[in-house]
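J.: Spelled out, the chains give:
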Amino acid sequence: MILRPQINDLKIIGFSLGKLICALGFVMLLPVVIGVVFSEASPVFDFLIASELCFISGILLLLLCRTQTEIDWMHGMIIVALAWLVAAFLGAIPLYLSGHFVSFLDACFESMSGFSTTGLTLVKDLDHLSLTHNFWRHLSMFVGGQGIVVIALSVFMIKGSAGAFRIYASEARDERVLPNVISTARFIWLVSIVYLVLGTLVLGTVGFLEGLSLKRAFFDGACIFMAAFDTGGFTPRSQNMLYYHSFLLETVTVSLMILGAINFNLHYHIWTGNRKEVFKNIEMRTLGITLLITFAIIVVDLLRLNLYPQSIPFFRKGFYQLISAHTGTGYSNLYSMQFVREWGNLSLVGIIMAMGLGGSICSTTGGIKALRVGVIFKSLIQDVKQIMLPESTVLQQKFHHLKMIVLEDKHVRAAVVTVLLYFTLYSAGAICGMFFGYPFLESLFESTSAAANVGLSIGITTVTMPSALKVIYILQMWAGRLEFISIFVLLGFIVAAFKGKK
Amino acid sequence: MIKKAQLVIFFLFLAFCFARTNNCFADELSSGELIKNAKEYDGKTVSYEGELIGESLKRKEGTWLNIHDGGDALGVWVPVKVAINIHYAGGYKATGDRLYVTGKFHRSCSMHGGDLDMHAHKIITKEIGRVRPHGVSSYKQDLLKYLSGALLCLLVIFLILQKRQKLI
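Order-wise, the sequence lines are chains A and B. Letter 13 of the first sequence, counting from 1, is numbered 13 in my numbering, and no numbers are missing. Letter 132 of the second sequence, counting from 1, is numbered 132 in my numbering, and no numbers are missing.
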């Protein structure tokens, strides 16, 4: 039996959503600073309008939904699921006002792609887009990567620490580096900003050495950092990484993509000197193994096709796409058409596998995640061992993830359910792609890229693709980023509103 | 005898033309054609025209230009010996120069780490770029005014209520 939601439930959701929207309004003022610095008047107006719309809708919700009741798990899940949709919608306003999007749907696609750190793009004439709008595209990745809720928790206190944790955990993350969830949120931002400053310095210097002007080198450096560390994949240039023609820059971005794909808790262990954890952690080990397997697949195919006979081109093209795919970033130094025309089906399958698997949990990557793969594999080993040993033997399998954990059925069940849901999502998108006339492998590639929040494109994602497919990819990006549960709770809430008992 | 010589010259001319057409594509090609048929054009001399976008990237042995033809942008490597005269690079504030490039196309350039690129032999500026005017439209100005008014009213109400009830 499900109960019909009460008016107070709506108030709790609306009140917290109001706070999140106001936080977004503040974030939208950052591009205004960039616009003023680079003397871009019209974009400044776009962001002031969007920011004011955020504040108006946020304050209206705060006024209409005043409540003192604490958030429970259901509310937390619904708030987060809605917050990401609302953020994508409001974040699309300044993009649409730029005039670089054919429709508001395209701007919403871009915005969702940014917040979910996917990197698929529908911007028209990117090379003439203002720096202010470009900064927003990348900032949305930085904000989305760290978590919209993390921002709200850092800026506004959500009533009660239990409520704060519920809303925080609903955003597909459960790391509590510090005892208090609000302190954790602030710590996440502190670490991210330290990395941002250092990353921008390194990338800016590399850009300057590779021929960019100082101002542009550091602007592009900051943008690339935000998109690489948050495994997003946007760049301020239509050619993506190809614009820079720089092996050095690609090497730096590889390091950033790997950093971004690591569990945030592991970052904390590394920061506090516990470097051994890197080698013991099941996630890191699984990540290493899946990386080797997928790389082997790509190597075999690229060697068979003799596409890159020399070692440096082979590494730059083969390994770079793989790291980009496996970390869920989506940076590319190839044209989409080259995937279709030059790469073989086997290497495409390797890339699809890498995209689908993703990085670590509690990181900015999407996809199935290494921990789940590791847990399922451990459970398989346990089952095989159990069969081979005498029946009376009680076997206990353990795995190391920040601490030694005894493998239990609940771990395996949770991992298998999520993996199945991801497979369903990848397949559903691929079927929709085929429905619109795209070939199977290309549909699967693009669908996996959207659902695993990667951003590599085989050429389907263009302004001219069917609107329905744009909507499907938006939903895939949303579901993939939030890892399903909060979305199911939202759907359940809607069903309960109509069919629940009073 | 003269007729035979004429015939030989004619066939030699034909052979020369044939050889030239195998290695050189006089009409400009689009980025789409070049990327799509990269294997076919690999190592051939091609012509390509488009707008210079983004800053040119100066390196020791030459300069990288990125030229967009409306479909996609290609990287063009310009060795030091090839003369270039850039007035405007395309971006938010300017439309870049329209350049006509003749050069060797590479599907996977061994000199540049496997990039798909063109090595320019000759660059002609077809059209000098220009500054792009960006005024703030009146509807945006009006919209901002109305929204500011509405926000101010809401803020006042919110602050009064907050003071009364200690909302947050």
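Possibly wrong hints are sitting among the right ones.
Straight line, CA to CA, 25 Å or less: simulated BS3-like cross-link-like pairs of lysine-lysine [as the list claims (entries may be wrong)]: (1) B:60 with A:215; (2) A:215 with B:93; (3) A:124 with B:93; (4) B:126 with B:104; (5) B:81 with B:104; (6) B:104 with A:124; (7) B:36 with A:124; (8) A:124 with A:276; (9) B:126 with B:39; (10) B:58 with A:215; (11) B:163 with A:11.
Just so you know, these hints were derived from the structure itself, not from any lab. Quantities reported herein were computed from a predicted structural model and do not represent experimental measurements.
J.: Run every hint past the structure and note whether it holds.
T.: Here is how each hint holds up against the structure:
Distance restraint check for residue 60 of chain B and residue 215 of chain A: the Cα-Cα separation of roughly 21 Å lies within the 25 Å cut-off, and the hinted pair is therefore satisfied. Between the alpha carbons of residue 215 of chain A and residue 93 of chain B the distance comes to roughly 15 Å, so the proposed pair stays at or under 25 Å and holds. Annotation: proposed proximity of residue 124 of chain A to residue 93 of chain B holds, straight-line Cα distance about 16 Å (limit 25 Å). Restraint check for residue 126 of chain B and residue 104 of chain B: the C-alpha separation of about 20 Å stays at or below 25 Å, so the hint holds.
Using a Cα cut-off of 25 Å, the hinted pair residue 81 of chain B and residue 104 of chain B holds, with the two alpha carbons roughly 15 Å apart. With a CA separation close to 29 Å, the supplied pair residue 104 of chain B and residue 124 of chain A exceeds the 25 Å bound. Between the alpha carbons of residue 36 of chain B and residue 124 of chain A the distance comes to roughly 21 Å, so the proposed pair stays at or under 25 Å and holds. A hinted pair counts as satisfied when its Cα atoms are at most 25 Å apart, and residue 124 of chain A with residue 276 of chain A does not qualify at roughly 47 Å.
A hinted pair counts as satisfied when its Cα atoms are at most 25 Å apart, and residue 126 of chain B with residue 39 of chain B does not qualify at roughly 28 Å. Between residue 58 of chain B and residue 215 of chain A the CA atoms are separated by roughly 15 Å; this keeps the pair inside 25 Å, and the hint holds. Under the criterion of a C-alpha separation no larger than 25 Å, the hint pairing residue 163 of chain B with residue 11 of chain A is consistent with the structure, at around 20 Å.
Checked against the numbered hints given earlier, the structure breaks hints 6, 8, 9 and satisfies all the rest.
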